[in-house]
Each structure stands twice: as structure tokens, then as C-alpha cells.
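Colleague: Residue numbering for the sequence shown is 1 to 324, as defined by our numbering.
Please note: incorrect hints may appear among the correct ones.
[Said to hold, decoys possible] Cross-link-like lysine-lysine pairs, in silico, DSS-like; alpha carbons within 30 Å at most:
id: 1; residue 1: Lys272; residue 2: Lys224
id: 2; residue 1: Lys235; residue 2: Lys169
id: 3; residue 1: Lys22; residue 2: Lys54
id: 4; residue 1: Lys320; residue 2: Lys266
[Claimed, not checked] For each label pair, taking beta carbons as the anchor points, the in silico distance ranges come out as:
id: 5; residue 1: Thr214; residue 2: Lys69; range: 46 to 56 Å
id: 6; residue 1: Asn89; residue 2: Ser243; range: 20 to 30 Å
id: 7; residue 1: Ser243; residue 2: Arg88; range: 53 to 63 Å
id: 8; residue 1: His285; residue 2: Glu12; range: 41 to 51 Å
id: 9; residue 1: Lys224; residue 2: Ile268; range: 23 to 33 Å
id: 10; residue 1: Phe46; residue 2: Thr214; range: 38 to 48 Å
Simulated from the structure, these hints should not be mistaken for laboratory data. Since we're looking at a predicted model, the values are computed, not measured. We put the beta carbon where it would ideally sit given N, CA and C, even for glycine.
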Amino acid sequence: MKTKKDLYSFIETSTNWVVNEKELHIKMPLYIKASYELWNTEIAGFGVLFLKIKDSQVDMRIHQNAVKKIEELCPCRAVLVFEKLDGRNANSLIKKHIPFIIENKQIYMPFALVQMKKEHIKANQKKYNELTVDADTILIGYLDNVISDGMMIKEISQLTNRDFRMISKALDVLESFNFINIEKIGRSKQIYFISKIEIFKHLKENSKLPIKYTFYTHDILDNKMVFSGYSALSKYTSLIDDSIKTIAVNQKTLKNMNIQELECDKDIANYKIEVWDRDPFLFSHNNAVNPLYLLRILKNIEDERTEYALEEIDENILAKIKED
């Protein structure tokens with residue numbers, strides 16, 4: 001893109017977005033002003049500052065640091081603009097979730113949930129209204145650092161204990177939502193995710209509860225016991241749990257059981273049972289369900305102690321993501 005007009009035209013043609021140009025009022029360091037042409041815009045509700053690279057020979061790490069510095073200085077997202085970029089460096093930027101555009105070829109802007117290559121757009125790709133259980137589980141595994149960028153479908157299938165066909169479908173769902181980018185390497189396919197921060201925000205705000213229903217009982221139903229609710233919250237935070245223990249089980253565990261025979265009144269119960277639409281033991285820690293699930297399960301509880309504990313979990317997860 002030799003001019004702003006070329007860049008804006010490429011974006012609008014490729015994405016159907018409207019690019020609104022804005023004045024840049026933030027004072028930038030001299031080394032950034034000397035290395036880039038800075039084009040400030042608003043796109044799809046996002047403040048976006050494009051960094052048109054003047055010297056293509058500069059080390060890629062310099063560009064990555066410039067992006068981080070700019071995003072510290074102003075409330076916008078910085079996007080590198082290249083006339084040319086080899087595949088190795090492009091994949092490196094994707095792995096680090098650094099937004100970029102390659103002239104007339106590729107747009108990678110994960111903060112806007114857009115990952116697309118102009119020459120490989122799937123015109124007939126199926127659209128989904130919500131994440132499936134397997135798709136949601138894969139994102140939980142990714143945020144938990146069990147599933148990582150560059151993995152193949154077979155590896156994810158093994159880690160989630162789901163068959164290849166179900167994981168392939170889940171990845172189609174994630175690709176439809178632009179949460180992942182699937183790169184074909186020879187005969188294999190490798191999976192690359194958008195930034196963990198964006199995924200974390202989505203999972204907190206939009207995902208459904210994993211709980212199908214609950215009941216109370218005297219007995220533990222499964223030797224592979226994993227705590228949920230306040231029983232799990234007390235393991236991750238300073239909250240003291242003085243209620244009956246809450247146990248999460250996969251609905252498949254109860255397939256051949258008579259729930260009516262197991263169920264009892266809350267006042268005399270030893271356990272509260274949450275019946276999940278997935279295996280709650282997967283990605284658990286110290287016999288407690290993954291903390292990401294607790295942010296969903298308990299988010300509507302109007303209790304000050306609970307809110308403080310959830311804030312503690314939220315802060316710990318964000319700190320871990322930033323360390324990665």
C-alpha cells in the first residue's frame with residue numbers, strides 16, 4: 001500500500017468495513033515517527049493506528065516492540081503494514097498475535113476477530129450462531145496452556161479425549177467465529193489462535209453454563225471426583241467454604257443411574273451434584289474445575305465475598321495471560 005487510499009481501499013474491499021480517518025493527537029517518540037508513516041482511523045468501532053513500514057530491512061522484533069509501545073501510549077490498536085512479508089515472519093507475528101496487513105494479500109487483525117487471506121476466503125464456509133461444547137472446551141484448554149499454537153487436530157483430539165471427527169467440527173466452528181487460523185503445512189493442518197485476551201473476554205461475556213441440572217445426594221457418584229461451585233472457589237481463593245460440598249460430574253456418568261433413588265432433600269444432603277454437558281475433570285486443577293468455569297457459574301451471585309473471590313480469580317488469569 002503506497003498510499004493511505006490504497007490501504008483503505010484494500011480493507012474496505014476485503015472486509016466490507018468502512019474506514020474513517022482520524023487526526024492523531026498523541027505525541028509519539030521520535031524513533032517511531034522516523035520509522036513509520038502513521039495513519040489513524042476508526043474501523044468497526046475500533047481505534048486503529050496503521051504503521052506503514054518505511055524500511056523493510058529492520059529486524060521484526062523492532063516492529064513488535066513499536067506496536068506494544070504505541071498501545072501503551074494511546075487507546076487504540078496498532079497494525080503493521082507491509083508491502084511484502086515472507087511466510088516465516090508472517091507466521092511469527094500470528095503466533096505472537098501482532099496485527100498486520102500485507103499489501104493485497106493478507107489481513108490479520110485478531111482484536112477485531114478477523115483473520116483472513118484474500119486468496120483463501122471460504123465463500124461457502126458454514127456460519128454458526130454459538131460455540132459448541134467441544135469448541136468452548138478447546139478455548140478453555142488454550143487459555144490454560146494445555147492446548148497451544150501450532151498443534152495439529154490429532155494432538156488436540158488426544159488432549160481433549162474427543163474423536164478426530166468431533167474436534168474437526170469444533171475447529172470449523174472456531175474458524176467461523178475467527179478465533180483460530182488454520183495453516184496447511186504439507187498434508188497436515190496446524191492451528192493458530194487469536195490473542196488470549198480477546199478469547200478470555202468472549203468466554204466471560206458470551207459463553208453458556210456447562211451445567212445441565214443439579215440435585216442433592218448422600219453419596220459420591222464417581223471416584224473421579226472434582227469440586228465445583230464454592231467448593232472449587234475456596235481452593236483458588238481465600239474464600240472459606242462452609243457449605244455442603246459441590247461435585248461436578250459428566251452427564252454420561254449418570255447414564256445408567258436412577259437419579260430419583262440417589263436424590264435427597266438439601267437439608268440432609270452431603271453433596272450438591274452439578275451435572276455437566278462435558279467432562280469437568282478436563283483441565284481441572286487439584287480436584288477443582290478450571291477457574292474459568294467458576295467465573296461463569298457464580299457471576300450472577302449477589303454476594304460481596306463471592307464477588308471479591310471472583311475478582312481474585314479474574315486478576316490471576318489475566319496476570320497469567322500477560323506473562324505468556
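Colleague: Each of the hints needs a verdict: does it hold here or not?
Modeller: Comparing the hints with the structure gives:
{"no.": "1", "hint": "Lys272 / Lys224", "in the structure": "16 Å, holds"}
{"no.": "2", "hint": "Lys235 / Lys169", "in the structure": "34 Å, violated"}
{"no.": "3", "hint": "Lys22 / Lys54", "in the structure": "21 Å, holds"}
{"no.": "4", "hint": "Lys320 / Lys266", "in the structure": "37 Å, violated"}
{"no.": "5", "hint": "Thr214 / Lys69: 46 to 56 Å", "in the structure": "49 Å, holds"}
{"no.": "6", "hint": "Asn89 / Ser243: 20 to 30 Å", "in the structure": "54 Å, violated"}
{"no.": "7", "hint": "Ser243 / Arg88: 53 to 63 Å", "in the structure": "54 Å, holds"}
{"no.": "8", "hint": "His285 / Glu12: 41 to 51 Å", "in the structure": "46 Å, holds"}
{"no.": "9", "hint": "Lys224 / Ile268: 23 to 33 Å", "in the structure": "25 Å, holds"}
{"no.": "10", "hint": "Phe46 / Thr214: 38 to 48 Å", "in the structure": "40 Å, holds"}
Violated hints, in rising order: 2, 4, 6; the structure is consistent with all others.
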